[in-house]
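Chains as they are written, first to last, in this note's numbering: chain U, 1 to 260; chain D, 261 to 493.
Treat the hints as calculated values from the structure; they're not laboratory data.
Going by beta-carbon spacing under 10 Å, a handful of chain D positions derived as facing chain U: (1) 264; (2) 268; (3) 271; (4) 401; (5) 403; (6) 404; (7) 407; (8) 415; (9) 416; (10) 427.
For each residue, glycine too, the CB sits at the ideal point set by N, CA and C.
Below are the chains, spelled out letter by letter.
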Amino acid sequence: MKRYLRVWLQLAHISFSEQIATRFSSVLFLLSKTLRFVFFLLFIFSLTDRIGGLSGYNRDQIIIFFLVFNFVDIATQLFFRGVYFFRQKVVNGEFDFYLVKPMSPLFRIMAGYTDFMDLITLIALVIYGLKFTVETVELTPVIIFSSVLMIVFSFLISFSIHVWVVAVGILTTEVDNAIMVYRDLTSMARFPVDVYSAPVRIFLTYIVPVAFIMTVPAKSLMGLASPLTFAISAVIVFCFLLSGFYLWRYALSQYSSASS
Amino acid sequence: MLLTSYFLWQAVFNDKTEIFGYSQNQMLSYIMLVAVLQSAVLASRSIDLAGVINSGELSNIIIRPISNLWYWLSRDAADKALNLIFSAVEIFLLVVLLRPPLAWPGFSHSAISLLLILPLATLLYYFINYLFGLTGFWTNEVWAPRFLLMVVMQFLAGLMFPLDVLPQNIQDFAAWTPFPYLVYFPAQVILGKIGDAGLVNGLAATAVWTVIFGILVEIIWRRGLRVYGAEGR
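I would like the entire structure built from these sequences, with the hints used as guidance.
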């Protein structure tokens, strides 16, 4: 564990050095992401002011859903950003070097790039999110514990999906499209999945469990998640982790190292 | 993004007949229209221009007896044709599968004005895009400004939702930028939500912005060529 932390810190240091070398770009990326966040927040304010609420949720609740969406989205990108660069590693054979190292290649792929600009937006988001949540929701120890647990589950499901994408990348050398489909689907969770029609909701809950990645942690934070939801979350985490690791092992067994 | 918007607005209109001056039919039509207009106006290969300058490959183009401006415009046109085909298939499938209630206004002089509006909007975006590509003459950090452009366009061009959903002061601000005239304005014209005066104003604004960016492109291109070192060649 300590060794992995050391490697992650080293990789993060390299990423940070790269970003410092391109300060102009880093600042613009930060500005763009902040603008996107503000514009969307404005849209939510405008929409909920006009219609009062959405599918039984009031404005504050919709904003909490949006904040949790952003938190999970930014945090997963912060830690799993390496997946976005994985295709090239397979195509040019660099992945071979990951395999011969005495550590999990999966860790090396996932943590290969850490975007520190995301860390800045994440810290700002957490400060604003906590302030907003404390003002609008009564936080009890049970709610705090269940929310943290749901966030951990959310990361585990998201991690499993990233493992799927990596495995598909090894099998087909296609990563970008798969990860973009995942990003597009998760973007639907800017709003609670309850707002969508039944077929879409079922798809986003059980097929690609965006609901458990984004919506359930927010519901948990507002004390709206039932014990059954927690139980289903645990089962989904188990299924996704298991299938992710099986697919990963299968993909590795099929890897021919053809590029090197 | 198309599906996200579609299902969201469907949910919003669940128990409402009109929001922000749009009926459900109009809003869903707007979303479909934006998808098509994006393919026609915003699809582009000229996003590669900065990379071509950075790598020195530009030399291969400028030694030929062709204009760089027209070269990339022709590549854009090819890309738009391809994207329009995909977009048409996508919209066709969505209409068949989801059977959304759509609003199609009858044929009017507004429809004829599209013959002018769409080429102008396409040219305007091409010049904006080209201008961002020309930054490659001075820096290789070209992706970040483009990302900023994409984010701004998502909102101010009405790609995520119609601009008139946002507060009035933001709409007023947006009207002074070129972005609404790329997609939002043409979509409003097609939906018949723009009166005669608005049509003339919008058309004039699109034309003025196109000329401004056209001139800027010419100036920046000339200055860029002066500092071009063909690095990498």
